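The listed protein sequences derive, respectively, from chains E and H.
For the numbering used here, add 5 to where a residue sits in the first sequence, where the first one is 1.
For the numbering used here, add 1324 to where a residue sits in the second sequence, where the first one is 1.
It is worth saying that the hints were derived from the structure and are not from the lab.
If you're wondering where the values come from, they're calculated on a predicted model, not measured in any experiment.
Glycine included, each C-beta is placed from N, C-alpha and C at the ideal position.
Careful: at least some of the hints might be erroneous.
Claimed, not checked - For the chain E half of the interface with chain H, some residues (derived, Cβ under 10 Å), not all of them:
| hint | residue |
| --- | --- |
| 1 | Val-17 |
| 2 | Thr-18 |
| 3 | Glu-19 |
| 4 | Gly-45 |
| 5 | Asn-57 |
| 6 | Ala-59 |
| 7 | Asp-61 |
| 8 | Cys-97 |
| 9 | Ala-98 |
| 10 | Ala-105 |
| 11 | Phe-109 |
| 12 | Arg-114 |
| 13 | Val-117 |
Each chain is listed here by its residues.
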Amino acid sequence: GAGVSQSPSNKVTEKGKDVELRCDPISGHTALYWYRQSLGQGLEFLIYFQGNSAPDKSGLPSDRFSAERTGGSVSTLTIQRTQQEDSAVYLCASSPRQGARAFFGQGTRLTVV
Amino acid sequence: GESVGLHLPTLSVQEGDNSIINCAYSNSASDYFIWYKQESGKGPQFIIDIRSNMDKRQGQRVTVLLNKTVKHLSLQIAATQPGDSAVYFCAETPYGNKLVFGAGTILRVKS
Chain E
6 GAGVSQSPSN
16 KVTEKGKDVE
26 LRCDPISGHT
36 ALYWYRQSLG
46 QGLEFLIYFQ
56 GNSAPDKSGL
66 PSDRFSAERT
76 GGSVSTLTIQ
86 RTQQEDSAVY
96 LCASSPRQGA
106 RAFFGQGTRL
116 TVV
Chain H
1325 GESVGLHLPT
1335 LSVQEGDNSI
1345 INCAYSNSAS
1355 DYFIWYKQES
1365 GKGPQFIIDI
1375 RSNMDKRQGQ
1385 RVTVLLNKTV
1395 KHLSLQIAAT
1405 QPGDSAVYFC
1415 AETPYGNKLV
1425 FGAGTILRVK
1435 S
């Protein structure tokens, strides 16, 4: 596809369950970001991948959150033992190189009940 | 985390008026700046960018101004239309580093 693709678009899960959110970046983009956005609020940085460098995990809110990027392409954000406060829209973005314009997906809306 | 827990400021303008959205950035080493627009239910979309060797750049109905002395960025929208209603984010990037987003501003256009 031409843009950043995220799946699922919506996810409802029970408190305590694990969830996986997927991001397919634009082909050839070396940089990939994950952000979290609560209703009516700004973009909370979670994690940043750039090429083969060690990811910048400084934004992950707890050890329940983890992410990986396989083969420099697809990325998965995993939230273990979900809590109600994890409910938010999770946005993925990719960029052709470090420090360049980022292109966003439509996001995954996560609801923890 | 960055930009967390803040209720976004709101700018209300009359349709047809000009809008000015301001952003204070944090890193004097930042050399590239971007404005994004986010409509309800969508991901942020690129509007316009500017490099630190410029102080003004114009697009279609939008102008970005950069004042490096006071680390200030602004987005001017001419003849604001109802379709301009959205949340606007500025972003900065220190050379060779990740994008850092500002808190965001809600723009409401009154008809």
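Each hint, compared with the structure:
Here the hint on E:Val-17 is broken, as its CB sits about 17 Å from the closest CB of chain H, past 10 Å. Violation of the interface hint for E:Thr-18 is found here, the shortest Cβ-Cβ separation to chain H being roughly 20 Å, above the 10 Å cut-off. Checking E:Glu-19 against chain H by beta carbon gives a least distance of about 24 Å; that is not within 10 Å, so the hint is violated. Because the smallest distance between the Cβ of E:Gly-45 and any Cβ of chain H comes to about 7 Å, under 10 Å, the interface hint for this residue holds.
Look at E:Asn-57: its Cβ only gets to about 15 Å from chain H, farther than 10 Å, so that hint breaks. For E:Ala-59, the suggested interface contact is broken, since its CB lies about 13 Å from the closest CB of chain H, more than 10 Å. Hint on E:Asp-61 holds. Least Cβ distance to chain H is approximately 6 Å, under the 10 Å limit. Because the smallest distance between the Cβ of E:Cys-97 and any Cβ of chain H comes to about 8 Å, under 10 Å, the interface hint for this residue holds.
Nearest Cβ of chain H to the Cβ of E:Ala-98: about 8 Å, under the 10 Å cut. The hint holds. Because the beta carbon of E:Ala-105 sits about 8 Å from the nearest beta carbon in chain H, less than 10 Å, this interface hint is met. At a threshold of 10 Å, the smallest CB-CB gap from E:Phe-109 to chain H is about 3 Å, leaving the interface hint in force. Interface restraint check: E:Arg-114 against chain H, minimum CB-CB distance 9 Å, threshold 10 Å, status holds.
For the restraint placing E:Val-117 at the interface with chain H, the shortest Cβ-Cβ distance is roughly 18 Å, beyond the 10 Å limit, so the hint is violated.
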